[in-house]
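Once you've looked at the hints, go ahead and assemble the two chains, each given alone in its own frame, into the complex.
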Amino acid sequence: MIRTLFRSRSPKVFDFHGGIHPPEMKHLSNSTPIAPGPLPAQLVLPLNMHIGAPAKPLVAPGDRVLKGQMIAEPGGAVSAAIHAPTSGTISAIGPRPIQHPSGMDAICLVLDTDGKDEWVTHSGVTDYTELSPGELVDTIRHAGIAGMGGAGFPTSIKVNLGDHQRVEELIINAVECEPYITADDRLMREHADEIITGIHILQYLLNPRRTLIGIEDNKPEAISAIKRACKGCDIEVRVVPTKYPSGGEKQIIQLLTGKEVQSGQLPAHVGVVCQNVGTAHAIKRAVVDGQPLISRVTTLTGDGVARPGNYEVLLGTPVRDLLSHGGVNPDALERLVMGGPMMGFTLHNPAVPVVKTTNCIIAATPEELPEPPEEQPCIRCGSCAEVCPANLLPQQLYWHAKNDDLEKAQHHNLMDCIECGACAYVCPSHIPLVQYYRYAKGAVRQQAADQLKADKARERFEARQARIDAEKAEKEARRQARLEANRKKKTDTAAAPAVDTAALKQASLEASKAYKAAVKAAKEAEANEAENSAELKAEAERLKAVADKAKAAVRDAKNAAPAAAPAEDRVATLKKQVGDASSAYKNAVKAAKEAEANGDDNAAELRASADTLKAEADKLKAELREAKANAPAAPAAAPQVDPVAELKQKVGEASSAYKAAVKAAKEAEANGDDNAAELRASADTLKAEADTLKAELREAKANAPAATPAPATPPPADPLVELKAKVGEASAAYKAAVKAAKEAEENRAENAAALRAEADKLKADADHWKAELREAKASAPATPKAAPATTDQPRIPEATAPQSLAAVDPEEAAKRQKRLKGLKTAYNMAHKQYKEAHAALERAERKEDVTADELNDMQRRVDKLKNKADIARDALDALVEEAKADIRAHTGKDLKTLKLEAARAESALADKAIELQRLRDSSSEESLEALNSELKALEAEAQIARKALKQAVEEQGLVE
Amino acid sequence: MSAVLIAIAALLGLAAVFGAVLGFASEKFKVEGDPIVDQIDDLLPQTQCGQCGHPGCRPYAEAIAEGEEHNRCPPGGQDTVDALTDLLGRDELTLDDEGAEDANIPKVAYIREDECIGCTKCIQACPVDAIVGAAKLMHTVMVDECTGCDLCVEPCPVDCIDMVEVKPTLQTWGWHRPAGIGQRPDSRIEVVNL
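Residue numbers (the numbering used here), protein chains in the order written: chain B, 19 to 978; chain L, 762 to 955.
Hints were generated in silico from the structure; no laboratory data involved.
Hints may be right or wrong, so weigh each one.
Unchecked claim - Calculated lysine-lysine pairs in the DSSO-like style (CA-CA distance at most 27 Å, straight line): (1) Lys493/B to Lys882/L; (2) Lys471/B to Lys897/L; (3) Lys637/B to Lys611/B; (4) Lys474/B to Lys789/L; (5) Lys882/L to Lys74/B; (6) Lys928/L to Lys490/B; (7) Lys459/B to Lys868/L; (8) Lys882/L to Lys420/B; (9) Lys459/B to Lys928/L; (10) Lys474/B to Lys928/L; (11) Lys928/L to Lys567/B.
Bound conformation, chain L alone (with noise of 0.2 Å):
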């Protein structure tokens, strides 16, 4: 019978010793603010569209991690979509994007100077501070920090201001993947067997 007690109250020591140092951990190295919303605001592609609904990358990716759906990224693709499903282990979902079928075509801002009247709305609708000028005086985009996200194309009164898409250069252009099992490879496989 003493040998039970005595169990007894081995464990029930433990369990407080236990208890008592897990309480003190989770206080020490508490972790502040919810680690996973950096994870998910990581993966997502950081264009500050809005095409989720969110008024920029951040806020949407609190949004996922309060449990929104994570296929609302136009500009991330189904990569984005994919990753996030990862990462989250949730159900796989394809990428919700109805009228947005060249998303995934980058794209960069550019206004018309000649047409521009110098309104500054665009400027105030840039998330990324991509456009410089003044009042009254022609804006212009500067392309290696515009994202594409077409937020300054609707507040334009005179619609001088264009999406277009951007060219590959030298320095950006890469192969293609070839075609794939059964398909004869692209003549410019210079790779024979002689």
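Only chain B is shown next, with the shape it has when bound in the complex (with noise of 0.2 Å):
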């Protein structure tokens, strides 16, 4: 198969493998001199005419330019710049068809031509020896010079090598082989002098070697002009024989230099730089006349225009202006061609604008270029391979590249096929080989691409996944130091101190006991009248300093033991203390009750320890508050609720105590007893103490009105309902006032008027409320469900009770009902849930067979569980009782008052029937009447009562 490449035994020429002998066609074009071409009124010039990164715009639409202004910029290092072909004004910037295969538009410069062809002021340089080659360089960048032969790549890179390299030879390409393309071969014959001045120009920039031009054997006229020009000077002209393709430049410069440029590699590696002669003649316009690149020579051909040759055609002449120029026949067109006939691509559009590369446009008739026959299948005659001037196998790659087998046609050197068409051109199958390359190359191509992007995602994918996994990490090794953290403390704390606590717990319990059991035998002792009761209360009174004591102590320990603990664990502790203290209060108010009722000696004193109890109690819940307060990392929701829920049970316990007052001070004067005023003024004192502490709760709810997602949110402070719950405690004091008095009245008591007088002052009390509720609500029309103004008979007092019942939101209560319905149903799941995670805790326990690790895992569970249901049963808790002080704050009564209410309406209607039952036949008309009539008030009134009950329970949501 190896064909010496030395057939020509000649020592000027090598030969190279293959190649084919087409037609011509060159008579058609090479007899006319070159013309100049036409001047269109617009011109296109896409950005892209050349190789690389497309040109920058330096002007505007709308803008002017002058012949030779540089209009756009280099884009970048491999880049051309782009002048105005003539003068005239740019008026658009955007897409147009282009020179492409694909028949996509591309962004061009558009310009509208002025006609008077203005050149802006330029000038070059009569000696180029006196700017340095990088000076040349950048002339030749900056005058937009690209290979002229039909590549387009720019120059100024062909011509910039770096120190290292050096130049063997330097290689003029004038081969032109190509059929119909006549253009070098006419540049030549007419500006050979300015050819060899860009030679020049190009030797001076290289220093190569040697330097050669090679000319085929067809264009004698050319051969002789330029030898004539380049007489005397070192540039040899080699003449090559006619067969295409030797203007390859693999091929011209093995047939110049026998060197061959192996696969993969450029001219430069094997020390030869090769240039067309149009570009050198465009160097020489660019360097010696100062002129950049705005024109070039152009052939048309073809039988389908009547005057064929070559044309100076400005760059972005649209073709159908030169078609048009020269002569063309519609009718006869059928194919429009750009480039030679083998190596160009067929135009949809005419349109489409002559560029730096645009060597050729062929005007071809039917007859000319006829349609392609049909494709046949490949019967492996080899012809191809014979041809291929790469020395390729085109019927393996075509075989590869039909079956879509990319890696293989790339093994049998699929991307150093030149495209020349000598392959499709002997196929006896009229097979297009050359497009079945190209697609191939493109897909290899897109593979690459893809592959590369591909890359790119993976890598993209395996940071995100790392970035994600160590964000992962990072939270677990968080979590893990929070738990060891918290273990370590817990082990720190829960030392010596525990075991002091329970000690000291079960002593203060015992000594409680012991103290209880003497108080019920001194009481015992006193309802049997026995003589050692006051021994009995003595001992009772030295028990309770010991209880006290042990209390103390504990109180101490507790104090002492949580001093390292976290500040939830002294939250939890000041709350067991608070709770205690209360009880504490709680019992000794009881006490001092029982005391009052059975006017004991002692009854003040137990007061006055009741309330130092309070005191101290209170004490302890600000300390509570306090270090609630500095304990942000305290279970959620806790703080924000807490002070509102301390204040109003404060708040509850207060207006308890001031009632209880109440009632003792109405029992004592009831009973006439002396004490009636101290109790009534201690009542007093009692009271303004819970208006202090409900001011507060006011001030508090007012101040924490974020406190939405807990459960246990208090409702909105509303002044109306503040206001309300005034009303109704000043019309319950108002009514029991007046019971009393009536009371006094019928039993004749001295302090009757007295008691009316105090009746009347609470009721203007209560007119007072009333008129400020009724302007409240006035100013607040926006209340839903405000209740009707107060009526104008203030008097009756049943008429008050429902009124301020019935001002209660229901939205509120409907809200309410359900968060404690959801309270508990998480407060019987949690529970649940507790209760089985602990169930499981002592199976494992019982069998044994579990690591340690796992049952502290399950401990931690049933701990957390089990602190859940707690909060929830807070929570709940907090919520009924909440509740149950909303009844109050509305009715201005207990739940249990109302209840008694209740039930005390019912039995007296009760008892009314029964008299009524019996007077009926004894008693006369008149008193029967008065019976009757009296039993109607009291069902009223029992009904009022009832109703009154329901409605509270419903509305605060406590219906069980």
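Following this line, the structure appears as structure tokens:
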């Protein structure tokens, strides 16, 4: 298969493998001199007339430009500038059809010519040797020169060699082997001197050892013109035999030097730089004349035009204009080809402009370029392999490209195909081989791009994955650290003091038990009027002192123990303490009440002690509050809700104390006791205290409006509700006073008048509050379901109660009911979970086949669940408490009181009914009438009481 | 008799020596991990789209190595299935892509930025971090990094993400394959016998 490369024994010219001899068709256009091209109305200059980055426009639509003015600068290292081919105005920068086989549009500068052809000021250098090579390269770059042979590679890159590169041969390609094209032929004939000057500039830049011009032997005039021009200089003219594709870069290098450029290498690797003859001409114009590349010689040929020949065409001239300039016959025109018949491409749009690489336009008739025949199967004749100038196996490439076997095609050096079309030319089966190769090359490039993208995507995916994992690990590490810290703290604190506290607690419990027993004994003794009652009492006092001491010790121990414990623990301890203290206080109050009821002497004392306890409890509460405020890590929602809940509780306590006091006072008054006034005074004091607390509560509520998320959130503070509560209270007090007064009157008590006066005062008070309530309602019209204005008969006590009840916000109640239900469910669930977990833990402990860690985990889980259940229960309790408090606030009565009232009313009704039954026969009509009306009144009262109770219960969502 | 014994002894000796050598080599040159997974992963298109039911291409490669069918990659198309068939020496399969007839059309996500509310959901969904943006600020897709997996489309609460077909540019355009035997080549084929 290997033919000798040195078939020609001539020392001057070598040979390359393959090649074909198509009809030359050069006679059509090579007989007339180069004529000036048309000056069209509009020039279209694609930003990508060359290989590499598109140029960057320097002008905007509307700008007037002069001939030779740079209108786009190089857009990158491998790029070329664009200049205005004539004077005119930039009318648009936008997509236009360009010289591309895809037929796609690309961004172009559109220049409306003005016909003046006005040059920008320009000047060249007479002696280019005055310029440094760098300056010359710059000049070439800014003149926008790109390879004029067809590829369009920016010349400035090719001539800008590094210091290490040594150029053996500079080859000027003047072969022009493709049929039809005569542009270089005519250029050499007419501008040989300019071309030689251009070559000299290239020599100056590249400093080659030899300079060779390769010209095919079918251009004798051009050869003689060049030979004449370069007489006396070191440029060798080599005449090569006519063969297609001698003009290919690798082929001409082989022809002139015998060197073969290897696969994947550039001519520079063998020390050769190749330039087209047209490029040399453009370089001379740019350097010596200062004229950038704005026009080129293009062959217009084919049987479709009347005046075929070569034209000096302005870049950007639409092919349409060039055709009409050459006298096109539209009827005869079948195909329009840009470039030669072998390597060019069909134009589908005559608006495509002539660009820097356009060496030929063929306007072919159907006879000239007939429709290609149908593709036939490959017969493996091997003709294509014989003519392939790149020494490939086209039949194999075809086979693999057809089957999309890109890898095998690449193994057969698909990428070294120069797409010359020699194989397709000789193919007896008319297989469009080149298109198969182009397709396969595109697919290979696409695959490479896809692979690159896939690698990038994989990298990014893995980076993201790594990032997410790292974040997770960090979180886990932080969690572990936290757990570890907690465990450490627990083990630190759960030491000696725990035993102490337990022991102390036990002692305290025992002491209080003893005290209680003593008290009981004393009471019994008193009831029996035993003699030793006083003694027993003293004993009880002593025991009480002991118990108190024990309690104090426990408290102290507790206070001391959690010094190192976390804030949460402290809060819990404080809570417990507060609970203890308040229960102690309650007990004391109870005792005091009892004492008062029994008219004991030490009642005042007891009360005092109760007060002391209360003060202590308050102090603890304050401390707890502080601790909570200082413990932001405490379980969520607790801190926000607590002050309000705390205050509420206090208010509740205070008001119940006040009520108890009032009751006591009333009783005392009823009994005509001496200390009634005193009691009343103390009740007043308590009331004042309760009021203060209420005010505080109100304030707290106002300050905690954002306390929403917790289940135990108090309802938003409402001045109306407050006022209503006050009205309720006032009227209740008034009613009580009236009742007392009536009783006193009935009993002919002395203080009846005083009591009535007080009742009047209370009534005035109640009226005042009512008025205020009315005002508030009027000023708060947006309040849902505002109660109607107060009745004008405030004297009727029954009228006020339902009214204040009616003002309860049903929405609020429904919400609370919902919340209650939710909380109940939550608590039940939590409790169940806790029980289950606890049972599991116990089972595990019994089995003894689990590790300590697992047990610990389970224990933690149980604790957590228990905590959860407790929180839920607390919240539920708080809510119930709150509901009760609200009932109190709305009705001025306790739930208990309401219930009692209802029951009392019922029983009174029943009594009256029985009395009526009894007297029906015996009494007169008048008394019966009176009794009947009384019965009716009682019935109404009972109904009201029932209703009030029901409403209150329902509204607060306390329905069981 | 002794010759037989000598032969047996020699064979046993050889067996022992080679056994020792092989045992040592299998320890010394042990291959960490499963190299087939890497090879499969290289063939997969790395869109990380999850259409195979795995969270990314590598998990699917691992699943294939474990024995899962290798035809569940719609973005890779039949070519990937065939390549995997070759690699694994398994039975030939056709691509399992019901309802994904346009899977081979390259697409990228496009966020209509006027409508974006800045919820960052698509950012979290993107397997290759190709979406940039911040909370309450509009997001946008880095087209060069987008693999067109459309995992971001579903989480968008305002449906402002479109999958846009990638149009060929002058740089990515390639010649199409000739119609084949019995067909006239495209009239753009300029190579003719003169």
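**Item:** Hint check against the structure, violated hint numbers in rising order
**Value:** 2, 4, 5, 6, 8, 11
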